[in-house]
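Just so you know, the sequences run in chain order A and B.
The first sequence stops at residue 178 when you use the working numbering, and every number in between is there.
The second sequence stops at residue 283 when you use the working numbering, and every number in between is there.
No lab work stands behind these hints: they were computed from the structure.
A couple of the hints might just be wrong.
[Said to hold, decoys possible] Computed footprint of chain A on chain B, listed as stretches where at least three residues anywhere in the stretch have a Cβ under 8 Å from a Cβ of chain A: (1) 117 to 131; (2) 178 to 191; (3) 272 to 281.
[To be verified] For lysine to any residue, the following SDA-like pairs were computed, each having C-alpha atoms within a straight-line distance of at most 20 Å: (4) Lys20(B) with Glu156(A); (5) Lys48(B) with Gln42(A); (6) Lys185(B) with Lys41(A); (7) Lys89(B) with Glu46(B); (8) Lys135(A) with Asn195(B); (9) Lys96(B) with Arg174(A); (10) Lys135(A) with Asp87(B); (11) Lys99(B) with Glu138(A); (12) Lys41(A) with Gln268(B); (13) Lys135(A) with Ser199(B); (14) Lys48(B) with Ser60(A); (15) Lys89(B) with Glu46(A); (16) Lys135(A) with Arg101(B); (17) Lys(-2)(B) with Leu162(A); (18) Lys48(B) with Ile137(A); (19) Lys20(B) with Lys99(B); (20) Lys48(B) with Glu138(A); (21) Lys41(A) with Asn195(B); (22) Lys135(A) with Ile196(B); (23) Lys141(A) with Arg101(B); (24) Lys48(B) with Leu162(A); (25) Lys99(B) with Lys41(A); (26) Lys141(A) with Leu102(B).
[Said to hold, decoys possible] Interface residues of chain A toward chain B, partial, derived using beta-carbon atoms under 8 Å: (27) Phe35; (28) Asp37; (29) Phe52; (30) Leu56; (31) Leu98; (32) Asn121; (33) Phe122; (34) Thr126; (35) Ile128; (36) Pro130; (37) Ile137; (38) Ala142; (39) Gly144; (40) Glu158.
Everything numeric in this text was worked out from a predicted model, so none of it was measured.
The beta carbon of each residue, even a glycine, is placed where N, CA and C say it ideally should be.
Listed below, chain by chain, are the residues.
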Amino acid sequence: MVEREGIVEATSLDPRFPDRVLKQPGGEALRVCFQCGLCTASCPISVIDSRYSVRRTIKRALLGMKDQVLNDRFIWLCSLCFLCQERCPQDVRPPEVMTVLKNFAVETGILPSGVEKLIEVFKATGRLYPIDDFTADEREELELPKVQGGEIAVRRLLEE
Amino acid sequence: MKYALFLGCTVPARALDYELSARKVLTALGVEAVDLDFGCCGFPVEAVDEEKALALAANNLSLAESSGLDVLTLCNACTEMLSRTQLVLEDEKRLNSVNKVLKDRLGREYSRSVKVRHLARFLYEEYGVENLKKQVTRPLTGFKIAVHYGCHYMRPSRVYGEFDDPEFPKSLDLLVEATGAKSIDHPNKMSCCGGGILNIDESMAVEMTKTKLGSLTGRDVDALLLICPFCGVMYSRYQRLIVKEGKEIPVIYYPQLFGLALGLNPEELGFQRNMADVSGLLGKVVK
């Protein structure tokens, strides 16, 4: 069942929002979406929880429902399986649209805690999974080479 | 043949069996794997800041360029990020803006002169299935393998071209069958592992992992075979939470299987690191 949501007031819409999305690389294709829903029908997340719908997120973005879209947990739940992208008859590329929306959400200060933690580890160590002493010993036992120093470049590129 | 081996973050920390077997198999096939100062591919940062993700990817590409080597990858997500960056940076404006960042911060530049290939795609397209068959000294007759491609191996097709079908691929099945093993059909063969949302919603991610594992339990399958370390995190580390009754299915990587067919011993291929019991699987190897 789709949960009922509050009624949308026209005054709460941001008429400039669709244009902002359309101007971003990856967001351009949004305007040709004709809402067929093949994306939602292909989505493995929608199978698990039908409240999440790619089609609806795209429609909301086009209507200028900025706050609802940027606060929607669903934009972070896209697993990037790219099935919707392969199947979209209008070549909308929804995963790229989701990336644009996530980047906008971050700009407005919305960042899920899991992502925030990941970025902290990243900035500190330059790696998604730092090589701890235990892993370093295991690597040595297996005679695998020391993991070399790409972390410095990563940290430098991540600086503000 | 000589390639720069791109490990990414997950392989060297979480999939040592994959790395070990890949190195052993490459050596056995006469492919030299060179380690460079590669960093993160950029994929995990994309959700937060796409520009930064592109810069991370382009830095790795430029490193390979300066050593004059093409890139060989083991992780599907790294492969997709690096390949998509190449596609995005075909646009002059975007290339210039990324290169400005690389120049200012690291004194480097990406000049679009490098090729990126996943190990499995390299074996399939460049080394060739027929040539692989010729290397087999110990055919794995009687092995029943469930293959898992992982979404980013052949999708998005706009990034990869159509070296394989984006929805009904066959390259990995053919690679498995080159060893003499049988690639078995299974429901949910193409389902997503859920790894992409692990840091957002663990229980939903595990629900996705369950989709495949659930349909494999109780079947006559010797192993679930992967070519991505993040799928490995999901299917291997989370299996214990999911499969409460019955035997765990061994999760292995393609070079481990091919290594067996080459006559390498299981220890050299990292089978001792498997979280499930692999004695049934290894018992099938003809001594």
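Quick rundown of the hints versus the structure:
By the rule of at least three residues with a Cβ nearer than 8 Å to a Cβ of chain A, the coverage given for the region 117 to 131 of chain B is violated, with 0 such residues. Using a Cβ-Cβ cut-off of 8 Å, 4 residues of the region 178 to 191 of chain B lie near chain A, which meets the minimum of three, so the contact claim holds. For a cut-off of 8 Å, the count of residues in the region 272 to 281 of chain B with a CB near a CB of chain A stands at 0, and the three-residue condition is violated. Taking the CA atoms of Lys20(B) and Glu156(A), the gap is near 17 Å; set against the 20 Å cutoff, the hint holds.
Annotation: proposed proximity of Lys48(B) to Gln42(A) holds, straight-line Cα distance about 15 Å (limit 20 Å). For the hint linking Lys185(B) to Lys41(A), the alpha-carbon distance of about 37 Å lies beyond 20 Å, and the restraint is violated. Of the supplied pair hints, the one linking Lys89(B) and Glu46(B) holds, its CA atoms being roughly 15 Å apart against a limit of 20 Å. Between Lys135(A) and Asn195(B) the CA atoms are separated by roughly 9 Å; this keeps the pair inside 20 Å, and the hint holds.
With a C-alpha separation of about 14 Å, the suggested pairing of Lys96(B) with Arg174(A) holds against the 20 Å cut-off. Taken as a hint, the Lys135(A) and Asp87(B) pair is broken in the structure, with Cα atoms around 33 Å apart against an allowance of 20 Å. Restraint check for Lys99(B) and Glu138(A): not satisfied, since their Cα atoms lie roughly 25 Å apart, outside the 20 Å limit. Between Lys41(A) and Gln268(B) the CA atoms are separated by roughly 52 Å; this puts the pair beyond 20 Å, and the hint is violated.
The suggested pairing of Lys135(A) with Ser199(B) holds, with an alpha-carbon distance near 18 Å, which does not exceed 20 Å. Among the hinted pairs, Lys48(B) with Ser60(A) is inconsistent with the structure: their alpha-carbon atoms are about 30 Å apart, more than 20 Å. The straight-line distance between the Cα atoms of Lys89(B) and Glu46(A) is roughly 16 Å, inside the 20 Å bound, and the hint therefore holds. Of the supplied pair hints, the one linking Lys135(A) and Arg101(B) is violated, its CA atoms being roughly 25 Å apart against a limit of 20 Å.
Annotation: proposed proximity of Lys(-2)(B) to Leu162(A) holds, straight-line Cα distance about 18 Å (limit 20 Å). Straight-line distance between C-alpha atoms of Lys48(B) and Ile137(A) comes to about 12 Å, which keeps the hinted pair within the 20 Å bound. For the given pair, Lys20(B) sits about 37 Å from Lys99(B) by alpha-carbon distance, which is inconsistent with the 20 Å threshold. Between the alpha carbons of Lys48(B) and Glu138(A) the distance comes to roughly 15 Å, so the proposed pair stays at or under 20 Å and holds.
Of the supplied pair hints, the one linking Lys41(A) and Asn195(B) is violated, its CA atoms being roughly 29 Å apart against a limit of 20 Å. Taking the CA atoms of Lys135(A) and Ile196(B), the gap is near 11 Å; set against the 20 Å cutoff, the hint holds. For the suggested pair Lys141(A) and Arg101(B), the alpha carbons sit about 15 Å apart, so the restraint of at most 20 Å is met. Using a Cα cut-off of 20 Å, the hinted pair Lys48(B) and Leu162(A) is violated, with the two alpha carbons roughly 30 Å apart.
Among the hinted pairs, Lys99(B) with Lys41(A) is inconsistent with the structure: their alpha-carbon atoms are about 26 Å apart, more than 20 Å. For the suggested pair Lys141(A) and Leu102(B), the alpha carbons sit about 16 Å apart, so the restraint of at most 20 Å is met. With a cut of 8 Å, the hint placing Phe35(A) at the interface with chain B is violated, because the nearest CB-to-CB distance is about 18 Å. The closest approach between the C-beta of Asp37(A) and any C-beta of chain B is roughly 19 Å, which is over the 8 Å cut-off, so the hint fails.
Annotation: Phe52(A) was flagged as interfacial toward chain B, and the flag is violated, the nearest CB pair being 20 Å apart, outside 8 Å. Against a cut-off of 8 Å between C-beta atoms, the interface hint on Leu56(A) is violated, since the closest Cβ of chain B lies about 13 Å away. With a least beta-carbon distance of about 5 Å to chain B, the hint placing Leu98(A) at the interface is held under the 8 Å criterion. Using the Cβ-Cβ criterion of 8 Å, the hint placing Asn121(A) at the interface with chain B is satisfied: the shortest such distance is roughly 6 Å.
This hint is violated: Phe122(A) has a C-beta 11 Å from the nearest C-beta of chain B, more than the 8 Å allowed. Interface restraint check for Thr126(A): the shortest CB-CB distance to chain B comes to about 13 Å, outside 8 Å, so the restraint is violated. A least Cβ separation of about 11 Å between Ile128(A) and chain B goes past the 8 Å threshold, and the interface hint is therefore violated. Given hint, Pro130(A) at the interface with chain B, holds; its Cβ is 6 Å from that chain's nearest Cβ, closer than 8 Å.
Hint on Ile137(A) holds. Least Cβ distance to chain B is approximately 6 Å, under the 8 Å limit. With 8 Å as the threshold, the beta carbon of Ala142(A) stays out of range of chain B, its nearest partner Cβ sitting at about 13 Å, so the hint is violated. At about 6 Å, the closest approach between the beta carbon of Gly144(A) and any beta carbon in chain B falls short of 8 Å, and the interface hint on this residue holds. A distance limit of 8 Å between C-beta atoms decides the matter here; for Glu158(A) the minimum to chain B is near 11 Å, and the interface restraint is violated.
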